[in-house]
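> Could you slot chain B onto chain A? The hints should help.
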Amino acid sequence: MTPDVPTSAGLATYNFAYLDEQTKRMIRRAILKAIAIPGYQVPFASREMPMPYGWGTGGVQVTAAILGPKDVLKVIDQGADDTTNAVSIRAFFQKVANVAVTTKTREATIIQTRHRIPEEKLTAGQTLVYQVPIPEPLRFLEPRETETRKMHALEEYGLMHVKLYEDIAKNGHIATTYAYPVKVEGRYVMDPSPTPKFDNPKMHRSEALQLFGAGREKRIYAVPPYTEVVSLDFEDHPFEIQTFDKPCALCGAENVYLDEVVLDDKGGRMFVCSDTDHCEERCANGHRGHLAYNKEAAE
Amino acid sequence: MSLDTLAFAGGFAQPVFEAQAVFRTLMDCMARPGTIGQIAATVTPPAPLNAAAGAVALTLCDHDTTVWLTPKLGASALPGWLAFNAGATLTEERQNARFAFVEKGAMLPNLCLFAQGTQEYPDRSTTLVVEIEAFEGGRPLVLTGPGIRTEEEIAPLGLPDMFPHFWSENRQNFPRGVDLILVAGDRILCLPRTTVLRVKEA
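Here the protein sequences line up with chains A and B, keeping their order.
Its first residue numbered 1, the first sequence is counted upward by one per residue in this note's numbering.
Its first residue numbered 1001, the second sequence is counted upward by one per residue in this note's numbering.
If we strip away everything but chain A, and leave its shape as in the complex, we get (with noise of 0.2 Å):
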């Protein structure tokens, strides 16, 4: 059962998957118990990674702790597969576990991610692992661990409405529009990453199994399967996610969340799908944007 995970013969090696053995016990246990109590943040003895914090140290450890030989893995950094985040994290493990790596959403057994989930539809053999920054949802409103601890216990989650309601009172909807606190299973409030609030509906009973990992903030937390999740918000305003006037450039898709590129010093600017997978097998299918590099044309 165990394939062969080349070593270089007489030097000294990194352990598979970098970590060490009781790193990742300590890890798996913090996973368990996070998938057992979803949305609730679990803490963990985080490890200095040979990386600085604030650059996925939380996402790659629990990638680090799950992975195995057989594993296809693909990171995302906003939705791109090349920015220097994914391409770097992708690097590593590579190096460090010999894993098999992809760009294609579908064939990635682990998915870790920087603040956008793929466009399409993740299936039961997949995990998710979101790289997040600040796993407390109500650290901008009380800094005091001991509080928010004690408010997650409680239930008390009517600070989080006043801060909607605010929004709602200043600008006259809500306007938060990423890391938009969702509710797990009817209790415990989660922050989703920064992600678009685009893509929290993707996360409400998902096929596949997401987990959260914070380096810094030492913090575990999961949605298992087929949980709900759902966004704060009030009868007479509700949830909504963004919308785009017009479709991809490159590949005209609609109802993907899209990213503004600036094209010259005129106010020249356009539109693309932020997640680079989905535009590309898009583009590959034949499907143009008003931008698309046209072959026919330019021959």
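Be aware that one or more of the hints could be misleading.
As the list claims (entries may be wrong) - Label pairs and their calculated CB-CB ranges:
1. 1119/B x 141/A: 16 to 22 Å
2. 15/A x 1186/B: 22 to 28 Å
3. 1083/B x 234/A: 54 to 60 Å
4. 234/A x 1185/B: 19 to 25 Å
5. 14/A x 1047/B: 33 to 39 Å
6. 20/A x 1157/B: 48 to 54 Å
7. 14/A x 1171/B: 39 to 45 Å
8. 1142/B x 83/A: 22 to 28 Å
9. 159/A x 1185/B: 17 to 23 Å
Unchecked claim - Stretch-level coverage of chain B by chain A, calculated; a stretch enters the list once three of its residues show a Cβ under 8 Å from a Cβ in chain A:
10. 1023-1033
11. 1122-1128
Since the hints were made in silico from the structure, they are not lab data.
Quick caveat, the model's predicted, so the values are computed rather than measured.
C-beta atoms are modelled at their ideal positions from N, C-alpha and C, and glycine is treated no differently.
Positioned in the frame of chain A, the structure of chain B alone reads:
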């Protein structure tokens, strides 16, 4: 083999990869209650602990976890085996146990006697590893809750008649409560504290 030598043999042949494989099975089963997972690792703990339960022990227990054993397991060579292979220490107090092991046929104590965690830290609770006869042939139970699309049906054989009652009490204290890993042969099934269990009407 004498009791002494039993303690030193029978760990993982490939600790890194076998522990990872066992953990992934545990994680999948914990995330999808009612799903039966297979433990392929070759671990030989001292009798009467079953091999799959032994593999779970070596995957999750170490010097950071205190372990509670039933009287029969405590009298076997298991304490030495756990100490040598995992570095885990035993506790007599169920309330202090991070993990508890119950062999096949032993009486399952009431779940409320184990560590429940606190309202602030509900993760500080016991995970019980309980070996039963089989996953078929018992009283049919219907599972609902997180991780289950609609409902799952299981029929574990070898749990006490009072078990549905124990479990509903455990469920009522949410988020406090224990989590359960059931073992039968080389197969496992997990019941996290969120799972709601109902006896199926005939």
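> Taking the numbered hints from earlier one at a time, note which ones the structure violates and give those numbers from smallest to largest.
4, 6, 8, 9
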